[in-house]
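Novice: As given, the protein sequences belong to chains V and R, one line each in that order.
The numbering of the first sequence is my numbering, which starts it at 1 and goes up by one.
The numbering of the second sequence is my numbering, which starts it at 301 and goes up by one.
It is worth saying that the hints were derived from the structure and are not from the lab.
C-beta: ideal position from N, C-alpha, C; glycine also.
Be aware that one or more of the hints could be misleading.
Said to hold, decoys possible - Simulated restraints on C-beta separations:
1) R:Lys-374 x V:Thr-113: 28 to 34 Å
2) R:Lys-374 x V:Gly-160: 32 to 38 Å
3) R:Asp-789 x V:Val-230: 49 to 55 Å
4) V:Val-110 x R:Phe-770: 38 to 44 Å
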Amino acid sequence: MKRALWTSILILVLLVACAPVDLNAPLPTYNTGVDPNAWATVPAGQFLYGQFNHQATIDYDYQMMVTDVTVSQYVDFLNTALADGTLKVDGEQIVGFYPGDEFHGVKHEVEITATNYIFVPLNDPASRFTFDGSMFSVVAGYENHPITNVSWFGAWGYCGYYSYRLPTELEWEKAARGSEDDRPFPWGDEIARNNANFYSSRDPFEDMGSFGSRTSPVGFYNGQTYDGYVTLDSASPYGLYDMSGDVWQWTGDVFEGQHYRYMRGGSKDTYDMDLRIWVSNNATPTYYSPGVGFRCARNP
Amino acid sequence: MYKVHNAGLIFNLYQINDGGITIMAKRLNYLFRSTKGLILVAIAMIALESAIFGMLSGPMAELGVRDFMIRTLKMDIVQAEREGRIIILYHSIAMAVVAIETYMITSLLKMKEFYKMAVRVLITVGYILTMIFGMGFAYWGHNWALHGLYITGLSLIFFAGVLLVIALWPWSKEVYQPDIAYARTKKGVDVERVAFFAAALTTVISALFGAIPGSFYGNGFETFMAQDIIRLPEKTTMEYSIIGHLHIMLALIAIMITLIIGRWLNFKGILHKVAMPLIILGTIVLNLGVWGVATPLEPIAHMIIYVGATPAMLGALMLVIFTWDKLIREGVAGIQKPNGWQKLKALLRDPLRFGPMWQMVFMNFTTSFLGIFMAVRLDEIFRLWPAHEERIELTGHWHVLSAIIATIILLYYGDMLGLKGKLRKIYGWAIIILSDLACGSVTIFEMKRLFIGEAVQQPLVNTLMLLMDFGLGMLLVVLAMVMVWRLLDLFKKKGRWTEEVEHELSAEVNQ
Numbered sequence: 001m002k003r004a005l006w007t008s009i010l011i012l013v014l015l016v017a018c019a020p021v022d023l024n025a026p027l028p029t030y031n032t033g034v035d036p037n038a039w040a041t042v043p044a045g046q047f048l049y050g051q052f053n054h055q056a057t058i059d060y061d062y063q064m065m066v067t068d069v070t071v072s073q074y075v076d077f078l079n080t081a082l083a084d085g086t087l088k089v090d091g092e093q094i095v096g097f098y099p100g101d102e103f104h105g106v107k108h109e110v111e112i113t114a115t116n117y118i119f120v121p122l123n124d125p126a127s128r129f130t131f132d133g134s135m136f137s138v139v140a141g142y143e144n145h146p147i148t149n150v151s152w153f154g155a156w157g158y159c160g161y162y163s164y165r166l167p168t169e170l171e172w173e174k175a176a177r178g179s180e181d182d183r184p185f186p187w188g189d190e191i192a193r194n195n196a197n198f199y200s201s202r203d204p205f206e207d208m209g210s211f212g213s214r215t216s217p218v219g220f221y222n223g224q225t226y227d228g229y230v231t232l233d234s235a236s237p238y239g240l241y242d243m244s245g246d247v248w249q250w251t252g253d254v255f256e257g258q259h260y261r262y263m264r265g266g267s268k269d270t271y272d273m274d275l276r277i278w279v280s281n282n283a284t285p286t287y288y289s290p291g292v293g294f295r296c297a298r299n300p
Numbered sequence: 301m302y303k304v305h306n307a308g309l310i311f312n313l314y315q316i317n318d319g320g321i322t323i324m325a326k327r328l329n330y331l332f333r334s335t336k337g338l339i340l341v342a343i344a345m346i347a348l349e350s351a352i353f354g355m356l357s358g359p360m361a362e363l364g365v366r367d368f369m370i371r372t373l374k375m376d377i378v379q380a381e382r383e384g385r386i387i388i389l390y391h392s393i394a395m396a397v398v399a400i401e402t403y404m405i406t407s408l409l410k411m412k413e414f415y416k417m418a419v420r421v422l423i424t425v426g427y428i429l430t431m432i433f434g435m436g437f438a439y440w441g442h443n444w445a446l447h448g449l450y451i452t453g454l455s456l457i458f459f460a461g462v463l464l465v466i467a468l469w470p471w472s473k474e475v476y477q478p479d480i481a482y483a484r485t486k487k488g489v490d491v492e493r494v495a496f497f498a499a500a501l502t503t504v505i506s507a508l509f510g511a512i513p514g515s516f517y518g519n520g521f522e523t524f525m526a527q528d529i530i531r532l533p534e535k536t537t538m539e540y541s542i543i544g545h546l547h548i549m550l551a552l553i554a555i556m557i558t559l560i561i562g563r564w565l566n567f568k569g570i571l572h573k574v575a576m577p578l579i580i581l582g583t584i585v586l587n588l589g590v591w592g593v594a595t596p597l598e599p600i601a602h603m604i605i606y607v608g609a610t611p612a613m614l615g616a617l618m619l620v621i622f623t624w625d626k627l628i629r630e631g632v633a634g635i636q637k638p639n640g641w642q643k644l645k646a647l648l649r650d651p652l653r654f655g656p657m658w659q660m661v662f663m664n665f666t667t668s669f670l671g672i673f674m675a676v677r678l679d680e681i682f683r684l685w686p687a688h689e690e691r692i693e694l695t696g697h698w699h700v701l702s703a704i705i706a707t708i709i710l711l712y713y714g715d716m717l718g719l720k721g722k723l724r725k726i727y728g729w730a731i732i733i734l735s736d737l738a739c740g741s742v743t744i745f746e747m748k749r750l751f752i753g754e755a756v757q758q759p760l761v762n763t764l765m766l767l768m769d770f771g772l773g774m775l776l777v778v779l780a781m782v783m784v785w786r787l788l789d790l791f792k793k794k795g796r797w798t799e800e801v802e803h804e805l806s807a808e809v810n811q
């Protein structure tokens, strides 16, 4: 009897562990009212950089997108760039040309030569876009969600296509923190569940019992209430949304002796500690994930 | 006269008996002057700290327990200081573990009474200061007096270490090994004592690799967690020093507990004679490699570390073989031709003696082999993943190693408690099974990217988290039960504690 009970528990645990995940589970759709085409200007000047508040200066004005690039925006880019030959289909992926980086032969450094690299994978069930062989479409409901499953090359290519660029880490951090204080989060000193989309933050898009976290629409945490879910206005001092949480954001620095590319902001899959402004993550530039997106910067 | 009310649970602390010795003084005498009492206090302190501060991380954080604890205990949590808090937290716990090992060493090995007393006084005051004032500084605002007392505690522990090294000096005739069944030189030098000495000496030196950069905090050196800078191609000398320090200190704690367990189980014979030189060689070379990380030897430091780790692990393997063979032989004594099943039963009949060895073997599956696999396939597999995945592996690896060392101490402590019969089996197997369940789940969690994608991982993650939390939670419950039992025992006039006052571990070595 006892043995049967333990066996049943073990089988149940294994079944739960192996349960399939419905990647297309119904998704609540909300209009946040935040324009993904908007830009915010970050003025030249000093600010406190990093965990230990070092004085840093950016001596030029620059602009950053108010939100992450959305699935809708990226799909438009894919369709246009595929049509004009900037991008190509290469097996199971969309590729584009990258001119390569200087190689220094440092331990663990991988050479990035001038060639075509993956921008986005095709046929990855976690992608929020589809491809029918000639055209890309947005998976319904995800139009205003951040684009994910995009490599660093894909992010770099998007920004460059429109004559923008990826922000440097320094630019990103100033845009997130502002220049007035040493706040750890874009909105202030503390974090609440309804400040941002992070692991187990109980937002309307997650179900930790089955598929886990999902992205939220860009600008979702703007103080609005959605079907009873109250959000806090979590814009940065310069008015940028989702600088903490939702998706990691690729930044543009290429550091000497490293092929890794850096990301900022934490994501729907990380604990709140990784949403602190100075926390960074990095990966090879070909890496893509359902938790990684980007936004662009430009000179005014 | 003192009065005992309510089945011995309430007593008047201030009434006097037995020639002027207060009831409290008797208990304090047991808790702070006897080996088993000192070990009990240190385990209780760790248990208390783990219980309180474990509430601040997952899954308690997700359940809202963290916020409740912070409010209730009026903690002063500043986001930018998280890394500093964690560093003080694990130093506090590690110092208590080092104290426990020191109590065991000073009770198991011959040494002058003065040294034994001095080492114990210094390390006890040291770890208690470290724990109380370190945590006070880290979690309840920055009163620099608390920080000063925290550093004082660490310094006292360092001095205790220096004295322990002197006390363990093996080239003195009084401590020579007369029995040829044990590893000894022709002159009679006790090679096992040399191994203890080497581990203690290198521990004291390795502590400096953390202390020196630590003294530069606020003066050009900033707090960091090693796992967060692992991919930076260039690190400063002080960063390398800290990275070397944290690795070698845990490795030395593991080597020391291996030697302690060997002494408890009376490791001897040919395997002992081979193992002890290997452990000495491993300890020294491993240290040279790790110290080399902070010197121009850095490019080949890893190679030296591998060379050092191999003989140390081989020495531990010999202890495993010796102990399991002994358990089997004892268990099948009287059976003329024991079959495999009988031998297995004999091996498993005493979880407290089987367990430490099993945990050492399990440690290799969950940490050592995994670490080697990671090192070998680093660029092909692990560095293709984002840094935060690598961070999970490193922190998981670290926690499993620490937890396994803790369980080995708890298994030995079970024997010290004199557990017998069914209770001994339940306690021993509970520690082994619950910790292995948790540590095994952590290992699968660390490596999950090898076989599952981010988008579809949640059911697996939930199951693994459940198993981890169940294993660790129940382990803490078992520990809490033991602690409550020992606390209640202290309220009894003739409790177990009265017997333990005079116990020394050297008299309880397994024959």
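Novice: Against each hint, give a clear statement of whether it holds in the structure.
Specialist: Going down the list of hints, with the structure as the test:
| no. | hint | result |
| --- | --- | --- |
| 1 | R:Lys-374 x V:Thr-113: 28 to 34 Å | violated (58 Å) |
| 2 | R:Lys-374 x V:Gly-160: 32 to 38 Å | violated (52 Å) |
| 3 | R:Asp-789 x V:Val-230: 49 to 55 Å | holds (52 Å) |
| 4 | V:Val-110 x R:Phe-770: 38 to 44 Å | holds (41 Å) |
When held up to the earlier numbered hints, the structure conflicts with 1 and 2 and fits the remainder.
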